[in-house]
Amino acid sequence: MAETDITYREALRQALYDAMREDDSIVVLGEEVGRYGGAYGVTKDLIATFGAERLIDTPISEPAIIGAAVGAAMTGLRPVAELMYVDFLGLAMDQLANQAAKIRYMFGGQIGVPMVLRTQGGTGRSAGAQHSQSLEGWVMHIPGLRLAMPATVADAYHLLRHSLTLPDPVVFIEHKALYARKERTDLAARVLPWGRAAVRRAGNDVSIVTYSLMVHTALDAATLLHEAGIAAEVIDLRTLNPFDMKTVRASVERTGRAIVLSEAPLTAGVAAELAARISEECFDYLEDPVIRIAGEDIPVPVSPALEAAAIPQAALIVQTVRRMLRR
Amino acid sequence: MAETDITYREALRQALYDAMREDDSIVVLGEEVGRYGGAYGVTKDLIATFGAERLIDTPISEPAIIGAAVGAAMTGLRPVAELMYVDFLGLAMDQLANQAAKIRYMFGGQIGVPMVLRTQGGTGRSAGAQHSQSLEGWVMHIPGLRLAMPATVADAYHLLRHSLTLPDPVVFIEHKALYARKERTDLAARVLPWGRAAVRRAGNDVSIVTYSLMVHTALDAATLLHEAGIAAEVIDLRTLNPFDMKTVRASVERTGRAIVLSEAPLTAGVAAELAARISEECFDYLEDPVIRIAGEDIPVPVSPALEAAAIPQAALIVQTVRRMLRR
Amino acid sequence: MSAEANLPLRDFYCTMRRIRTFEERVAELYVRGLSAGSMLHLSIGEEGAAAGVCAAMRPQDSFTTHHRGHGIFLARGADPNRMMAEIAGKSAGYCAGKGGSMHIADRALGHLGANAIVGGGIPHVVGAGLSYKRLRKNAVAIAFFGDGAMQQGIVHESMNMAALWDLPVMFVCINNQYGMGTRIDQATRVADFAQRAIALGLAGASVDGEDVEAVFARAQDLLDGARAGRPALLTVSCFRFFGHGRMDKSPYRSNEEEDSGRRRDPIAAARAALLERTPLTAAALDALDAAIAREMDAAIAFAEQAPAPALQAMFDDVYAPSEPQPEPLATRLDRILAER
Amino acid sequence: MSAEANLPLRDFYCTMRRIRTFEERVAELYVRGLSAGSMLHLSIGEEGAAAGVCAAMRPQDSFTTHHRGHGIFLARGADPNRMMAEIAGKSAGYCAGKGGSMHIADRALGHLGANAIVGGGIPHVVGAGLSYKRLRKNAVAIAFFGDGAMQQGIVHESMNMAALWDLPVMFVCINNQYGMGTRIDQATRVADFAQRAIALGLAGASVDGEDVEAVFARAQDLLDGARAGRPALLTVSCFRFFGHGRMDKSPYRSNEEEDSGRRRDPIAAARAALLERTPLTAAALDALDAAIAREMDAAIAFAEQAPAPALQAMFDDVYAPSEPQPEPLATRLDRILAER
Ligand SMILES: Cc1ncc(C[n+]2csc(CCOP(=O)(O)OP(=O)(O)O)c2C)c(N)n1
Ligand SMILES: Cc1ncc(C[n+]2csc(CCOP(=O)(O)OP(=O)(O)O)c2C)c(N)n1
Ligand SMILES: [Mg+2]
Ligand SMILES: [Mg+2]
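First to last, the protein sequences are chains A, B, C and D. Final position of the first sequence in our numbering is 327; the numbers increase by one with none missing. Final position of the second sequence in our numbering is 327; the numbers increase by one with none missing. Final position of the third sequence in our numbering is 340; the numbers increase by one with none missing. Final position of the fourth sequence in our numbering is 340; the numbers increase by one with none missing.
Hints in this document: simulated from the structure, not taken from any laboratory. Careful, some of the hints might be misleading.
[Said to hold, decoys possible] With a straight-line cut-off of 20 Å between C-alpha atoms, the simulated DMTMM-like cross-links for lysine to aspartate or glutamate are: (1) D:Lys249 to D:Asp11; (2) A:Lys246 to A:Glu281; (3) B:Lys246 to C:Asp334; (4) C:Lys133 to B:Asp5; (5) D:Lys137 to D:Asp221; (6) D:Lys133 to A:Asp5; (7) A:Lys44 to A:Asp18; (8) A:Lys246 to D:Glu323; (9) A:Lys246 to D:Glu339; (10) A:Lys182 to A:Glu227; (11) C:Lys137 to C:Asp221; (12) C:Lys133 to B:Glu281; (13) B:Lys246 to C:Glu327; (14) D:Lys137 to A:Glu53; (15) B:Lys246 to C:Glu339; (16) C:Lys137 to B:Asp23; (17) C:Lys137 to C:Asp166; (18) A:Lys182 to A:Asp220; (19) B:Lys246 to B:Glu281; (20) D:Lys137 to A:Asp23; (21) A:Lys246 to D:Asp334; (22) A:Lys246 to D:Glu327; (23) D:Lys137 to A:Asp24; (24) B:Lys182 to B:Glu227; (25) B:Lys246 to C:Glu323; (26) C:Lys137 to B:Asp24; (27) C:Lys137 to C:Asp224; (28) C:Lys249 to C:Glu28; (29) A:Lys44 to C:Asp248; (30) A:Lys246 to A:Asp220; (31) D:Lys133 to A:Glu53; (32) A:Lys246 to A:Asp205; (33) D:Lys249 to B:Asp45; (34) D:Lys133 to A:Asp23; (35) B:Lys44 to D:Asp221; (36) B:Lys44 to B:Asp18; (37) B:Lys182 to B:Glu53; (38) C:Lys137 to B:Glu53; (39) C:Lys249 to A:Asp45; (40) C:Lys133 to B:Asp205.
Here the structure is a predicted model, which is why all the values come from computation and not from measurement.
Start from the sequences, fold in the hints, and give me the full structure.
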């Protein structure tokens, strides 16, 4: 197949479409996923192909939506439950963390929960403190949950396809500011396997380790750094459970410097895990402490100017790297 | 007042008693807090003194319990909402993280939410995967929530008293394995202020940074290490938001080595934050990477032997420190 | 808009017209890209619910609203300037520009907050009811929310608690027949929500939101009961004239449905009744409308001219001012890098 | 216990007696410190609900239970040896000793899991119902839970969905009047839960759990309906003979209440009916009881002798065996420290 211009949103939709064609047991359930086509349009018109039995519009009942997906996954379906905003996890965390994540374990391996929880998070639409969060840290902390956060169009497609083959529950977090992103992509081309990080830009001076939207911020920073004669390597983790420490390590051992970049509030988030792990595994190679650049430790303000200032900007990354390298 | 033998449970109860005597606006609400006296007996007989209007037995409705506490806190009461197990946070996380934590901010500082969410967590009673978790990491990640985790009898009393004077929501996590712990304590004696860590044992060879039950595991390890001629410093953080990096830093700069100890699963938990922060702030002083010793990345199994093996043991700490120090 | 005790319908009309005109102006603000936030939910068509219920409230009463709460707050007496400024994300707004359209609150008027989580504000009134009961305030706390929220478990928990504890609480479901694109019969088998309330021990009643006087009367009855410890659920039926948000063109509704729905217009009904039942002339009402239009134009101008919040303000109000504050990222990086 | 189609009451009796004896043995296990876990909830007094409903289920049906689920699973046909071993945390148990009393499941018998979160397993049957409907399985999924769980929002959400989608689902509330120490009238104003079901569009019915035949008949009716897409809530009233858990001495109940409650004994009732209505003699029933006692003694012996799980087993089953596994802490430390 040839490369075409395709958006992140279209790639996700295509992934659902292709997977549902191949696997009859896949059903999508959630608020507005059917007739409406999804709050962000990812399931647009799928109902026309697959019918209301497979694109199931639900009442506004997040705990029961996720709980129903758990039950369906235990009994022969492969549900894709959509949580309209990752911010609503607080309503459904029991079903996710106490049920989906633990059922295989508590029941001694008898029953798996092959479901995908699709949701989206992040800032960028000044949607306010309750619709702009980055809560992947909560998920990453719970054993039993796989976690993917695609940054590119190809990954949106392939990671979602892959999620729909896994035997365990997957939390799949899209980014609201990426839906309209268009890339020239051949969806038929192979990508890296699930669990492997991608080096999005090679460089020997510093490793920037990140995922989701921030990959692009990191790439912007790398471009600016390049102009200053600094070669930054940008690593896109793609999945956070499992996550590919091998690639990160190889990079940091080479560059001797690491920046961990995440949109979520700094404290006790994913950036902490990445920084801790790099610090413990690459200690002898580090010229500088691993620096975390992350969201401010505040709720996301609705004012667009404040919202933008509350998450990492390329300029700050550039400045930080230059200070680290003293040039 | 003189020192008496008092348990962690009694200290908590006394704190509630004394605070409720002084402050008429304090009410306690939760499942079984009144007539039953609390699942772990912390509110035992308080109803006899304060009546059913101030010790409010609720239906089993965790989201609404926390939500009602939020509303009460906004309108003149100072509620203490009890969540019987921290594991039930998944049901109430929306009311905690999207409501209690963000109300002051979203509303531009007009209205505060001076409430305390009292709960207990951790292993030790082989209560299974849904009743043995350590979910403080979820809380620490949310800006707007204060977080205390007392390890000692005196702190159980004083940190709870202090929580009941704060203008912002506090999550107060007790440890189920500490309730019966007895210490000779003078509750009238002053303790360190809120937000300050306590050096529970001084030492110059390695800093062990921890909180809650693991303080005692660390102290056990330190005793064993002492026999091997190694002086470990044990730091009890007491509160995780805010947390006292100053004390930690001073210690690590002196010892050059740090172990971070937490009962929660390792990945993306509180231990990650502590390790990341020490690594970034004490980089030039570290002889070894900051080592995290934490719970296994698994749900907690019910079998007592497996449960015990799933969380950090003193022996492993000792072994690790000896390997770090090569003696 | 002066209150004429013997002519409440004129007041209702005025309140409703102010809401509608406000919302029309907000829509323009949005289209011009001046509103903060991608999300904007207009309450046009629902003015009868807001005006009727709020008129029955007393000054000491408090309330929470859902995401579609502009009208309710205006009916309660909000200053359109500060509302508009908040919606525009300006520091002159009710919440210093941090909350925006979906998170307006005002302590002075007993507004405990709009909420962007469907159902999120519902249990808060249970807590407020506890306070009022304990502190003997003779106040009622009222939760406003939509028909979609009736499927959230928390409404059931909250109603059960309110009934169990005889709290001074009223739940008001503004039933505009839709939750986003989901019609009520696609969300539940039983759209008569009063039954749910009754099954939990509350009073349950329904009223047609086109008739603002009926809403007021019903609300007043139920509020009297609530004040005496008999909580209630009032469902006010109406039609959401426009899309869920400003981007939603409601493709899931037929033209006929929209046309007939928009004929259920509480403002037109009130106007007709005023002309029929009172000495007020069309010209007088037009003059009133024009005055309101000027008021709302002024609110737009106020919001536009108001300064944006200072960037530094983003660190304020995470915690009370007296308490330890968050450390800004830049400060932290300076500290770590400078010390090396 | 062979099935005698013309004498179901004998089967019910047998099932109920097996449950009670099993629970008595479990209590001993607990007292002797051999059960894994501090938590143990006995279903003595509730045998009528378990035996009656499970007898009406078909082999293809599935179910979830609450924390007080031993009796239900036994009535469904569980092997007492494997149950007892699970409760003792042994690898020969149903869940390899990882679940214990509150987390027993068995795929083969359609047990989708006991749950220690009050209400946690309720929505799972909605999902199972979706599966069965879509996969045309002619099966019903049944959620068992207590009266306390009726106050969890998720039960309301789940019932609403089941009704909305005409799912083959039955909700069974075992109403033992208490949630821990909270009597039902301290948890809700309306204890007649059928009203809640009806208000959401489900069939709602109540039956006295002392009469196992009545439970069976009611359950069969409702299961027929559920199989045809008419979900239902069945409330079975009974009395929890002992404390909430083994440590709870029920100080919140008077002796009179306990005495009269324990007279609502489905086993005594069935025994009396058998003696009256059938040729079975007291001696025959005693012999049956004795056989059951031997069976349960054997289960205890089995559990005691079963080996404890290997420590390494704790890392199994977090993920499917084919997938990346968690790295044990010791391995990680070895790696980090060895490499330096
Ligand atoms: C917990 C939660 N779920 C979903 C949403 C997305 N959402 C916002 S409004 C809405 C529809 C609400 O319908 P209704 O309660 O009837 O209020 P209306 O919009 O009709 O006023 C939905 C699904 C949300 N904001 N919060
Ligand atoms: C979500 C949650 N809240 C609270 C508890 C603690 N708890 C365990 S059982 C129970 C009472 C349940 O009562 P009911 O549903 O009537 O079941 P019963 O114990 O009477 O069988 C409570 C409060 C829990 N396990 N899970
Ligand atoms: Mg609606
Ligand atoms: Mg009960």
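Here is how each hint holds up against the structure:
1. Proximity of Lys249 of chain D to Asp11 of chain D is assessed by CA-CA distance (about 32 Å); at most 20 Å being required, the pair is judged violated.
2. Between Lys246 of chain A and Glu281 of chain A, the direct Cα distance comes to roughly 10 Å. Compliance with the 20 Å bound is thereby established for this hinted pair.
3. Restraint check for Lys246 of chain B and Asp334 of chain C: the C-alpha separation of about 17 Å stays at or below 20 Å, so the hint holds.
4. Our distance criterion of 20 Å between C-alpha atoms is broken by Lys133 of chain C and Asp5 of chain B, whose separation comes to about 40 Å.
5. Proximity of Lys137 of chain D to Asp221 of chain D is assessed by CA-CA distance (about 19 Å); at most 20 Å being required, the pair is judged to hold.
6. Under the criterion of a C-alpha separation no larger than 20 Å, the hint pairing Lys133 of chain D with Asp5 of chain A is inconsistent with the structure, at around 40 Å.
7. For a cut-off of 20 Å, the pair hint linking Lys44 of chain A to Asp18 of chain A stands: about 14 Å separates their Cα positions.
8. Of the supplied pair hints, the one linking Lys246 of chain A and Glu323 of chain D holds, its CA atoms being roughly 17 Å apart against a limit of 20 Å.
9. Of the pairs offered as hints, the one joining Lys246 of chain A and Glu339 of chain D holds, with about 14 Å between alpha carbons and a cut-off of 20 Å not exceeded.
10. Of the pairs offered as hints, the one joining Lys182 of chain A and Glu227 of chain A is violated, with about 25 Å between alpha carbons and a cut-off of 20 Å exceeded.
11. Our distance criterion of 20 Å between C-alpha atoms is met by Lys137 of chain C and Asp221 of chain C, whose separation comes to about 19 Å.
12. For the suggested pair Lys133 of chain C and Glu281 of chain B, the alpha carbons sit about 51 Å apart, so the restraint of at most 20 Å is broken.
13. Of the supplied pair hints, the one linking Lys246 of chain B and Glu327 of chain C holds, its CA atoms being roughly 14 Å apart against a limit of 20 Å.
14. In summary, the hint linking Lys137 of chain D to Glu53 of chain A is supported, as the alpha carbons are separated by about 15 Å, within the 20 Å threshold.
15. About 14 Å separates the Cα atoms of Lys246 of chain B and Glu339 of chain C, which keeps this hinted pair within 20 Å; it holds.
16. Between Lys137 of chain C and Asp23 of chain B the CA atoms are separated by roughly 18 Å; this keeps the pair inside 20 Å, and the hint holds.
17. With a C-alpha separation of about 15 Å, the suggested pairing of Lys137 of chain C with Asp166 of chain C holds against the 20 Å cut-off.
18. Note on Lys182 of chain A and Asp220 of chain A: the hinted pairing holds, with a Cα-Cα distance of about 16 Å set against a maximum of 20 Å.
19. For the given pair, Lys246 of chain B sits about 10 Å from Glu281 of chain B by alpha-carbon distance, which is consistent with the 20 Å threshold.
20. For the hint pairing Lys137 of chain D with Asp23 of chain A, the CA-to-CA distance comes to about 18 Å; that is within 20 Å, so the pair holds.
21. Proposed proximity of Lys246 of chain A and Asp334 of chain D is supported: the alpha carbons are some 17 Å apart, at most 20 Å.
22. Restraint check for Lys246 of chain A and Glu327 of chain D: the C-alpha separation of about 14 Å stays at or below 20 Å, so the hint holds.
23. For a cut-off of 20 Å, the pair hint linking Lys137 of chain D to Asp24 of chain A stands: about 15 Å separates their Cα positions.
24. Distance hint between Lys182 of chain B and Glu227 of chain B is unfulfilled; the C-alpha atoms sit about 25 Å from each other, more than 20 Å.
25. Distance check on the hinted pair: Lys246 of chain B and Glu323 of chain C sit about 17 Å apart at the alpha-carbon level, within 20 Å; holds.
26. Restraint check: the Cα-Cα separation between Lys137 of chain C and Asp24 of chain B comes to about 15 Å, which is no more than 20 Å; the hinted pair holds.
27. Pair hint Lys137 of chain C plus Asp224 of chain C holds up; C-alpha atoms about 14 Å apart against a cutoff of 20 Å.
28. For the hint linking Lys249 of chain C to Glu28 of chain C, the alpha-carbon distance of about 16 Å falls within 20 Å, and the restraint holds.
29. Straight-line distance between C-alpha atoms of Lys44 of chain A and Asp248 of chain C comes to about 14 Å, which keeps the hinted pair within the 20 Å bound.
30. Our distance criterion of 20 Å between C-alpha atoms is broken by Lys246 of chain A and Asp220 of chain A, whose separation comes to about 24 Å.
31. Distance restraint check for Lys133 of chain D and Glu53 of chain A: the Cα-Cα separation of roughly 9 Å lies within the 20 Å cut-off, and the hinted pair is therefore satisfied.
32. Restraint check for Lys246 of chain A and Asp205 of chain A: satisfied, since their Cα atoms lie roughly 18 Å apart, inside the 20 Å limit.
33. Restraint check: the Cα-Cα separation between Lys249 of chain D and Asp45 of chain B comes to about 16 Å, which is no more than 20 Å; the hinted pair holds.
34. The straight-line distance between the Cα atoms of Lys133 of chain D and Asp23 of chain A is roughly 17 Å, inside the 20 Å bound, and the hint therefore holds.
35. Distance check on the hinted pair: Lys44 of chain B and Asp221 of chain D sit about 46 Å apart at the alpha-carbon level, beyond 20 Å; violated.
36. At roughly 14 Å between alpha-carbon atoms, Lys44 of chain B and Asp18 of chain B fall within 20 Å of each other, so this suggested pair holds.
37. Under the criterion of a C-alpha separation no larger than 20 Å, the hint pairing Lys182 of chain B with Glu53 of chain B is inconsistent with the structure, at around 31 Å.
38. A threshold of 20 Å between alpha carbons decides the hint, and for Lys137 of chain C with Glu53 of chain B the separation of about 15 Å falls inside it, so the pair holds.
39. Distance check on the hinted pair: Lys249 of chain C and Asp45 of chain A sit about 16 Å apart at the alpha-carbon level, within 20 Å; holds.
40. Distance restraint check for Lys133 of chain C and Asp205 of chain B: the Cα-Cα separation of roughly 58 Å exceeds the 20 Å cut-off, and the hinted pair is therefore not satisfied.
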